[in-house]
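Peer 1: Could you slot chains R and U onto chain D? The hints should help.
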Amino acid sequence: MKRHFRPAMTWLHDWSGIITGWLLFAIVLSGTLSVFRPEITLWMQPELTRQTVDSNQATEAAIAWLSAHASDSPGWYLDTAAPRAPFTLAFWSDKNGYTQRPLDPVTGSPDALRDTRGGEFFYRFHFELQLPYPWGRLLAGIAAMALLLTLITGIVAHRRFFADFFTFRPGKGQRSWLDAHNLLGVVALPFHLMIAFTGAVTLASLFFPWSATALYKNDLTRAAHDLNPAAIERPRSGTAAPLTPIAPVLRTAQQHFGKTGIAQIAVVNPGDRAAVITMTAGNEDSIGITSHTISFDGPTGAILAEHIERRPAIMTYNVLYGLHVARFAPGVTRWLYFVSGLMLTALIGTGLRLWTISRARRASHFGTILVARLNAGFIAGTPVAFASYFLVSRVLPAGLADRAGLEIRCVFLIWGALLVFAALRPARKAWPEILTLAAAACAAVALFSAPWHRAVDAAGAIIAILLAASFTFAARRSSLKNRII
Amino acid sequence: MATTRYRSDIAIRALTGIAGGYLLAALLSVAIARWLPLPRIEASAAGMLTGLLAWPPVMMTAFAIHSLPRLCAGFALAGALLAVFSFWPV
Amino acid sequence: MIFLTGLLAVVLLALTTHRDAATLTLRPLSSQHRLIPRGIAFLLLALQLTLQIRNSDSTAFALIEWTGLFSVEALFAAVICTVLRRWREPLSYKQRKFGSLS
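The listed protein sequences correspond, in order, to chains D, R and U. Be aware that the first sequence starts at 1, since it is given in our numbering, and climbs by one per residue. Be aware that the second sequence starts at 486, since it is given in our numbering, and climbs by one per residue. Be aware that the third sequence starts at 576, since it is given in our numbering, and climbs by one per residue.
Isolated chain D (complex conformation) (with noise of 0.2 Å):
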């Protein structure tokens, strides 16, 4: 290992970047993508025509839909309409398993939406990885300290920090992509921190129990009750007893919270005696989530239990989470955490376009024409998979059963395409060729949105435009005729 402190930071630098910087770069997007999940979803159901709903009358619609078609689930969790998401989002368990749709507002019915993951997807894909339980959430737990990791050893190892803080010189072939690199990192320094470090502490209590594990012994329940006074649980009692009418404990709890609204919903073991209603309240006022709850008994509606959030040690977890899924960011905030996590994607490709070029200059092996064409595959290839889910989702029928399922094995098919085709193409060919298809289907998109009547739309065919033009420049760049790889 080298002798001085700052090379081997570059090293140790250079290398967790390479390792896990292709995972991270899907992870980054997708969760860049997450801050919009709900308009995601209402782009995807273009049946979704109103503006503005009734959170309480959407959410009685919903309960009675489920009291209906789906009182068999042992729990029903919902995210209450809002004016970002004029829907319920509704997660229960059916025949086949456990599901979440969104509900109409109106009718409280899934069926007149089109069955689509919608933003959800993006969501699930960013902390799950489409792994099974648990090990996609270690996977991105340990990606999430790998970028911290990286993030500290890359301030250590970029000298004159303040002297070259705005420094972008382009034109430069590896200067330049060095400085685009330092620049993205930088300027939005904070933020990248702060979305690894708490990325991490969201799935930490998977990755890192130890310190309850040694307090808690096995008594798990005793912690989840530890942690939320107000999260009652209670077993069956196999006793039938029909669930009090939502109305009134809505507007109890909507007293209770003041202007925070009630952000979500959870009936555990509807339909029974000792059936639970807890309500967690918005985001209006407080960057922590769950910092206030309330338990209604479910046959009476009585209040069981009521907890808002006071103990240090617990804000500052709260607040640690809440930062990462900013249920709190207002709309210039919601704006900032999307052109940040787009820097912090882009500080991830930059990097692993500069492992490659770094080590052009020598005897090139197999490993590093691997990973120069990989990155092609990775760094293009994932825009065109994402931008494909949105495409399919308006070529596939409405109508068709299980919609859901294969936009999602499209966006897969896709990227596995892509990433073969990359593997087999050198990269001076495989890179302009990938990104004219990423900026082809985010020209599509753009159209796919007409007939650009509602908000979502309009601002979803605006960005896309602006990436469609941002691939078009990167394109054309790639394919000059003195370019290094």
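Just so you know, the hints here were simulated from the structure itself, not pulled from any lab data. Keep in mind the model is a prediction, meaning the values are calculated, not measured. Ideal Cβ positions, reconstructed from N, Cα and C, are used throughout, including at glycine. It is possible that part of the hints are untrue.
Unchecked claim - To give a feel for the contact side, a few chain U residues facing chain D, derived at Cβ under 8 Å:
| no. | residue |
| --- | --- |
| 1 | Ala589 |
| 2 | Asp632 |
| 3 | Ser633 |
| 4 | Ala635 |
| 5 | Phe636 |
| 6 | Ile639 |
| 7 | Glu640 |
| 8 | Thr642 |
| 9 | Gly643 |
| 10 | Leu644 |
| 11 | Ser646 |
| 12 | Val647 |
| 13 | Ala649 |
| 14 | Ala652 |
| 15 | Ala653 |
| 16 | Cys656 |
Peer 2: Chains R and U in isolation, oriented as in the chain D frame:
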């Protein structure tokens, strides 16, 4: 520079930093959770967050200390100390 | 308005940190000359934060938004300075002869 010696140097550091570092961070989180005078859930949350923050510097140390024997001895010592704080019956 | 204040501040910062010839004046600035624009820039950033805190219900929200805005402003400033430099510096012989390398 891909000699066997170089490769085994990297391998030992990676193992020490990743697995050893994880172990040290875990022990730190347990020690803090045990000794903080807070209710159990708060102490374990504090321990978990601190342990997470500890891992990157520990991993960096595994590649910063030039002498391998010194590195391994340091990790072993830190591990033993933290283990005492975490598990020695009081 | 708030964004423009911040953008101005960051551009000022950028102009004083530029490593080679200062973007506007084509001469390196002495360390004393750097201090005044930098001071003004920091004051403007503080002003931006104050305005945001007053506009928002929550100081924490405002601080987060201010930090995020800084990143975007800094990116803009870097691009602006690059464009300005390109515009000021005549093309070198090599670039005119061979076209820009990637």
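Peer 1: Output the numbers, in ascending order, of every earlier hint that fails for this structure.
Peer 2: none
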